[in-house]
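> Chains as they are written, first to last, in UniProt numbering: chain X, 1 to 339; chain E, 1 to 339; chain F, 1 to 339; chain Y, 1 to 339.
It is worth saying that the hints were derived from the structure and are not from the lab.
Some hints here could point you the wrong way.
One copy or two, it doesn't matter: identical chains are merged, so the pair holds either way.
Said to hold, decoys possible - Restricting the straight-line Cα-Cα distance to at most 16 Å, the calculated cross-link-like pairs of lysine to aspartate or glutamate (EDC-like) are:
1. Lys31 to Glu41
2. Lys139 to Glu166
3. Lys52 to Asp272
4. Lys252 to Asp272
5. Lys52 to Asp107
6. Lys252 to Glu166
7. Lys139 to Glu334
8. Lys190 to Asp217
9. Lys31 to Asp261
10. Lys31 to Asp217
11. Lys31 to Glu68
12. Lys31 to Asp55
13. Lys31 to Glu3
14. Lys190 to Glu41
15. Lys31 to Glu166
Nothing here was measured: the structure is a model prediction, and the numbers come from that model.
Number of protein chains: 4
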Amino acid sequence: MAEPVGAAIVGASGYAARELIQILLRHPGVKVAVATSRQDERLDALHPGLTKRIDLACEPFDADRIAERAGYAFLALPHTASMAIAPSLRERGVKVIDLSADYRLDDAQVYEDWYGHEHTDAEGLNSAVYGLPELFRQKIPSATLIANPGCYTSASILGLAPLVAEGLIERTGIVIDAKSGVSGAGRSPKLNTHFPECNESLSAYSVGRHRHTPEIDQILTTASGGGDPVEVIFTPHLVPMDRGIFATIYAKPLGTAVEHDLIELYRSFYADSPFVRVVTHLPATKDSAYTNFCDITVRVVRGRILILSCLDNLIKGAAGVAVQNLNLMLGAPEATALF
Amino acid sequence: MAEPVGAAIVGASGYAARELIQILLRHPGVKVAVATSRQDERLDALHPGLTKRIDLACEPFDADRIAERAGYAFLALPHTASMAIAPSLRERGVKVIDLSADYRLDDAQVYEDWYGHEHTDAEGLNSAVYGLPELFRQKIPSATLIANPGCYTSASILGLAPLVAEGLIERTGIVIDAKSGVSGAGRSPKLNTHFPECNESLSAYSVGRHRHTPEIDQILTTASGGGDPVEVIFTPHLVPMDRGIFATIYAKPLGTAVEHDLIELYRSFYADSPFVRVVTHLPATKDSAYTNFCDITVRVVRGRILILSCLDNLIKGAAGVAVQNLNLMLGAPEATALF
Amino acid sequence: MAEPVGAAIVGASGYAARELIQILLRHPGVKVAVATSRQDERLDALHPGLTKRIDLACEPFDADRIAERAGYAFLALPHTASMAIAPSLRERGVKVIDLSADYRLDDAQVYEDWYGHEHTDAEGLNSAVYGLPELFRQKIPSATLIANPGCYTSASILGLAPLVAEGLIERTGIVIDAKSGVSGAGRSPKLNTHFPECNESLSAYSVGRHRHTPEIDQILTTASGGGDPVEVIFTPHLVPMDRGIFATIYAKPLGTAVEHDLIELYRSFYADSPFVRVVTHLPATKDSAYTNFCDITVRVVRGRILILSCLDNLIKGAAGVAVQNLNLMLGAPEATALF
Amino acid sequence: MAEPVGAAIVGASGYAARELIQILLRHPGVKVAVATSRQDERLDALHPGLTKRIDLACEPFDADRIAERAGYAFLALPHTASMAIAPSLRERGVKVIDLSADYRLDDAQVYEDWYGHEHTDAEGLNSAVYGLPELFRQKIPSATLIANPGCYTSASILGLAPLVAEGLIERTGIVIDAKSGVSGAGRSPKLNTHFPECNESLSAYSVGRHRHTPEIDQILTTASGGGDPVEVIFTPHLVPMDRGIFATIYAKPLGTAVEHDLIELYRSFYADSPFVRVVTHLPATKDSAYTNFCDITVRVVRGRILILSCLDNLIKGAAGVAVQNLNLMLGAPEATALF
């Protein structure tokens, strides 16, 4: 077998980085060669679960040192931090898979409107490929910059793509009522994710202004083949569990919706996607937790189409899909290291 | 002070019964005089938390013995069991507050369609008053049979009543995406409520066929002042927490919706209701857990009205509202024993 | 009835303060007259669950203003902060119930050894009464400064007091393996209490150096009637639940231990204590959660005595016992507002 | 590569079976060829998480059909059920790894005393090898019947083995205070594992009579090289989390205990064991959850030795160690499929 390619984990202290490392440790074609963090510690000090699994110390970010050792860099950084360094890596020939939001929106103005910062890497924004393999599998292999999708976004888009692609539903008024485990909020302690605050509680947050909204709109509009923009009403909720996203989606069909036909449509649409499971039972987030699967089913209730879509926010919603993208870029089987 | 009235708890082994007893132990005007259960045990054996709180043994149901000692009976029974015994109590002059679904639906046929059993107490069905004090406060004092509302139902109706009463929204296509803690499923162990199954998981259940649906339709239709029936799309979810219901409601306004005006409308509508808190922040179920409050806020997102409504399913959704009804029947202050 | 006495809550933003306020709102003889916090907000902004319950804004600490309106002050402050202000309140005639550790240890040197700060209020240390009513019920009524016990401490001491008082066990080598819900760690977000870190996990912490150790030693030595110091091996664990302390205690009997006799001893020892329940079943923390009870049972296993003792850390371990102390100071029934 | 060996999962509906299948799906040398269950369903109907992972229907147990297709059978059955069928498999040349307790105790009388059933397979009892690779790695390769250890047992024994092997501690009075996640109780719904009962609660159970007690005694006595029997005081607790066992162990040293030396002893003792991590930080169950690791540290507190030992009850405590045993029997690297 060929020499494994080197991978850099930029921003190694968070949960998505930890999951990435765990997945890559099973990947026969990849070696985690560099980890960067402002915390100058060993990886197993940052993540005790990695003890005896990897012998690597974090170092400060240095594009040259990464380029020496790694062909691919995963950026597990907050937004704005990614676009500050991605160009320096790409200039040096390092392909970038960015887990932040910096390259997901086509339009710099929309980015500025929702993220409150000017976008500083127009070239990157233009050349980035949106890394949702189920929709953009053809474009990913040749990309040098991947905008890895948001977790809510993946659950929502995979749930709606077949319907918008076929033009079966109204484009506005689509309700996405989404529920997320707490790891989706990241690893920085805050009051709302302090255990005694969010445990045994369910709440909505960022109602009407969550930043995954324009991302969902944009990709669904693309998936619909253009025309009037798709516009969703997206409501995220915080659920007292570690992992998992559950999107309950309500759409108004343009014609008469038949449950059995819709299931067949979804099965056909995802026939080549190893990580989408179109099921007929009602899924639970636990079935896809700790996996790269997205489980989807469809129901018709009082004339509306309900789609239930769920996935693990840290795997299929972050680290797993990032490796799926890497596999496509490497020309490796899409599922390598992901079962 | 007058002699406290005797209360009977029929079906004392479940969670709602336990909550009822705890509330009534604080009530200066009531004495828990009888508890019945098929389990022939002391109350503190069934509910260890009641140790040193009440010295009472359960007995088999006997209408005569209840009538001797109690003026009011709370039925904490499964549906069909309530209607099998309520007449015998009412014949003997015992007023009944039924926590089951047996007397909630006006139409015996609708009951049969959704519950799969013929309704056997037409007289009770006709004379029962729906025990949601916020809507039917005037009718409750003179009632002899109260149909205590369902937990999902109360959260949903309180969230929507001001809008349908004012005729501000479309009557169909209303989406109620509801999330419940596990105690809502009762105390009988089943696989789906076995800890390792439902912990760390979120799932939908009874999609399109949950029995609170016709109850919500019916009461909202009444609240709307008649006309075309209100028809909701109700989706319940199971959340890994003990208590709490959170209803995220999406309605299409008939005119232009203004957030501030809606908040004012709700405040006015519930001005005399001590247990509805119309708030401007986004509520969490934890704020109303272990209380008789229902917390509600309203938002306008992309032209739709969102209502967030939450309450404790065992208190405001069951035992607390039952005591609220009792207070109204007794002529006591509505909030007695409920703070 | 007499005019209610005014109470001040000093440090109103934490969990124990919130519980205190909720209990005092039910107390017929007390009015919450002052709340202080560095966060200059309304109480219901700090604690949304208090909405519609109390109409009071926090103010900065001012001993004069407290003395004008309150006869009693509860200090819900971190250690060192209490001793910095308690003298100013007591000088003005305000009686103090301190929920911090500042007045719990008799010996200023021991305080300095374990807390790392010099003790600055020797007079307070000398005059403070340790506020565990089950052991010191006689001394509390006349106290002007109460050192409210630690949560682990109460569970441990109540579990061991009958045995050490009767001289039935070896004084060293007593193992207290204690498990606590996360609210015991306070309301300040930290990494170890960040939901995705501590949820679904159990860990030990502060092994061999937890600050409740010398407090347990001291009070048990007192309870033993003097002689050689009692010395415990105390190991705290963090459990993914909101509330509750469970102490599993292992002691070596000096003679032959008989389970039935021990249960009788405990029942007799706590005959006048309304909030200790000596049970024969194995207790669960849930049975005493949200109550002021401490549940205790005793077993003999392979010649060792096992004591299982549990309570709610925020109620019986903090706010509830504080009100129990207040009641004794007021000459009110010990259980007022506590059921 | 050689043809993979066939494996049978006997009793496929439980949690350990599900974990086994997930691990074996990653094993290059094994194919899950048979699954048996009284529930005549597809594996992915029993375990929705296995959807798209394995295409196999359960069948009734039939020793002949297993022998045709499988060289190894994992028995994931309740005690007594294993010994009822193990002989029939071994007669047909199928090697057996039994996850029940049936072959763990050397002495049929001890089995009868603790399990309440006569032991019916004396030959099996004699020839079974206790499948704890860290202690019995030499005996496992040639075994035809493996008694896979209990989950509490593994955590306890791995925590104590170095001390008893070196004769450093007193043999009696060893306290093992153990805490387990709820999946350890199996998949059959019962009241004590019903979510609203055990969630947000911690309790002890089977105090003084848990069946892992004689197993721990026996293996530690063996590990001590004989002499007086080791006798532990074992107290299990139920913790509201899915997975994980945490054993806090208290032992009295015969001489002076020095923390650093003990850590070195443990490191040396487990130098060849890939799945024991001797750490110096205080471990959390979460670090080893979903892995085959056992994390151990040692402390000296007031002259006692404390050992903290934790593992995932379903992996290292059941399915993972079963595959570790299989690997040793196959002559494959011990860690195959286990990272």
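> Output the numbers, in ascending order, of every earlier hint that fails for this structure.
Violated: hints 1, 2, 4, 5, 8, 9, 10, 14 and 15.
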